[in-house]
Every structure is written in C-alpha cells, then in structure tokens.
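With the hints as extra help, turn the sequences into a complete structure.
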Amino acid sequence: MRDGAWMTHAGTVPANLAQANPILAVDVFRITGQTVTTDDFGGYVQICLPGGEGRLIFLDATTSPRAQIEITPVEYIDGSTCGWIPNAGTLVLIP
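Our numbering puts the first residue of the sequence shown at 4, with every later residue one more than the last.
Keep in mind the hints are simulated off the structure, nothing from the lab.
Among the hints, a few may not be true.
[Claimed, not checked] Label-pair distances were calculated between CB atoms; the ranges are:
id: 1; residue 1: 37; residue 2: 58; range: 31 to 37 Å
id: 2; residue 1: 43; residue 2: 76; range: 20 to 26 Å
id: 3; residue 1: 36; residue 2: 82; range: 32 to 38 Å
id: 4; residue 1: 38; residue 2: 75; range: 28 to 34 Å
id: 5; residue 1: 24; residue 2: 46; range: 28 to 34 Å
For every residue, glycine included, the Cβ atom is placed at its ideal position computed from N, Cα and C.
Structure below.
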C-alpha cells in the first residue's frame, strides 16, 4: 500500500490497518546468496520508511496469523520513520 491505495496484492494488509489510511506498507526479508530468509535475521535490523512521521506496525512473518506489533520507540530520520525488527514480515507506516 502507498497513501492508502493498493499497489499490488490487495488484502496483504489486515483491514484494521488498511482503514487507518497507511502511508506505506512493505514486505521485509533478507537474501543471503540465493536464499531468501523469511524468518529470524540473527539480530535486529533498522528499517526506515519514507513518508514522514508516523507509527510503525510490524506484521511478524514467523507467526500465523501474523501478529501485529507496534514498533517502539521509533526514530525520525531525514523525513523517514525508522524502527528495529528481528525478522521478516510486513512493515506498515500509519499516520
């Protein structure tokens, strides 16, 4: 999602977050060699989403259904909202 509109794969963001007018939603994963890591990254990584200041909601790919976790604290760096995540999932920036 970007600015509340679906870009691809409608339905990948749960309805409660889609109704919160997301600024941006992205899938986050790690590629090592020819392997895509969809679980633990072996430590926390900082992810920054452009679009201004907001709240970050993490949809954890290691749980089913995906747990919704608000990332706290967040940092605001050069017009982006940044937070730390431990593994793959979907990160949603909401106002």
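Hints, one by one, checked against the model:
no.	hint	verdict
1	37 <-> 58: 31 to 37 Å	holds (35 Å)
2	43 <-> 76: 20 to 26 Å	holds (22 Å)
3	36 <-> 82: 32 to 38 Å	holds (33 Å)
4	38 <-> 75: 28 to 34 Å	holds (31 Å)
5	24 <-> 46: 28 to 34 Å	holds (32 Å)
The structure agrees with every numbered hint stated previously.
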